[in-house]
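Mapping to my numbering: the sequence shown position 29 is 19, numbers consecutive.
If you're looking for bench data, these hints aren't it; they were derived computationally from the structure. For every residue, glycine included, the Cβ atom is placed at its ideal position computed from N, Cα and C. The reader is advised that the hints may include incorrect statements.
Said to hold, decoys possible - Each pair of labels, with its calculated beta carbon distance range: (1) Q55 <-> H32: 17 to 25 Å; (2) P(-9) <-> E37: 27 to 35 Å; (3) M11 <-> P56: 27 to 35 Å; (4) Q55 <-> Q31: 29 to 37 Å; (5) P56 <-> Q31: 14 to 22 Å; (6) L(-8) <-> Q55: 30 to 38 Å; (7) T(-7) <-> D48: 16 to 24 Å; (8) P56 <-> S5: 37 to 45 Å; (9) L54 <-> A20: 16 to 24 Å; (10) T51 <-> S5: 25 to 33 Å; (11) P56 <-> E2: 28 to 36 Å.
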Amino acid sequence: PLTAPCLVVTCEHDSGSTPQMSQAIAAEIAGSEILIIPELQHLGLIEQPALFSAAINDFLTHTLQPSGQ
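Using the sequences and the hints, build the whole thing.
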């Protein structure tokens, strides 16, 4: 099983990788987090790159921070 911290990301209107698919994936990975970016479609990363960068940065910041801090 996957034991590394995991962020599952998709967009609200992504028909190729639906929010339901992402929820199912996240449900299979213990401790994973899911982010569904509102209003965007399949190419959300290209449509709003700053949103994706900020989300990944936030995830890495709180995931990699030593416990107790």
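Hints and how they fare:
no., hint, in the structure
1, Q55 <-> H32: 17 to 25 Å, "violated, 32 Å"
2, P(-9) <-> E37: 27 to 35 Å, "holds, 33 Å"
3, M11 <-> P56: 27 to 35 Å, "holds, 33 Å"
4, Q55 <-> Q31: 29 to 37 Å, "holds, 32 Å"
5, P56 <-> Q31: 14 to 22 Å, "violated, 38 Å"
6, L(-8) <-> Q55: 30 to 38 Å, "violated, 21 Å"
7, T(-7) <-> D48: 16 to 24 Å, "holds, 21 Å"
8, P56 <-> S5: 37 to 45 Å, "holds, 40 Å"
9, L54 <-> A20: 16 to 24 Å, "holds, 18 Å"
10, T51 <-> S5: 25 to 33 Å, "holds, 31 Å"
11, P56 <-> E2: 28 to 36 Å, "holds, 34 Å"
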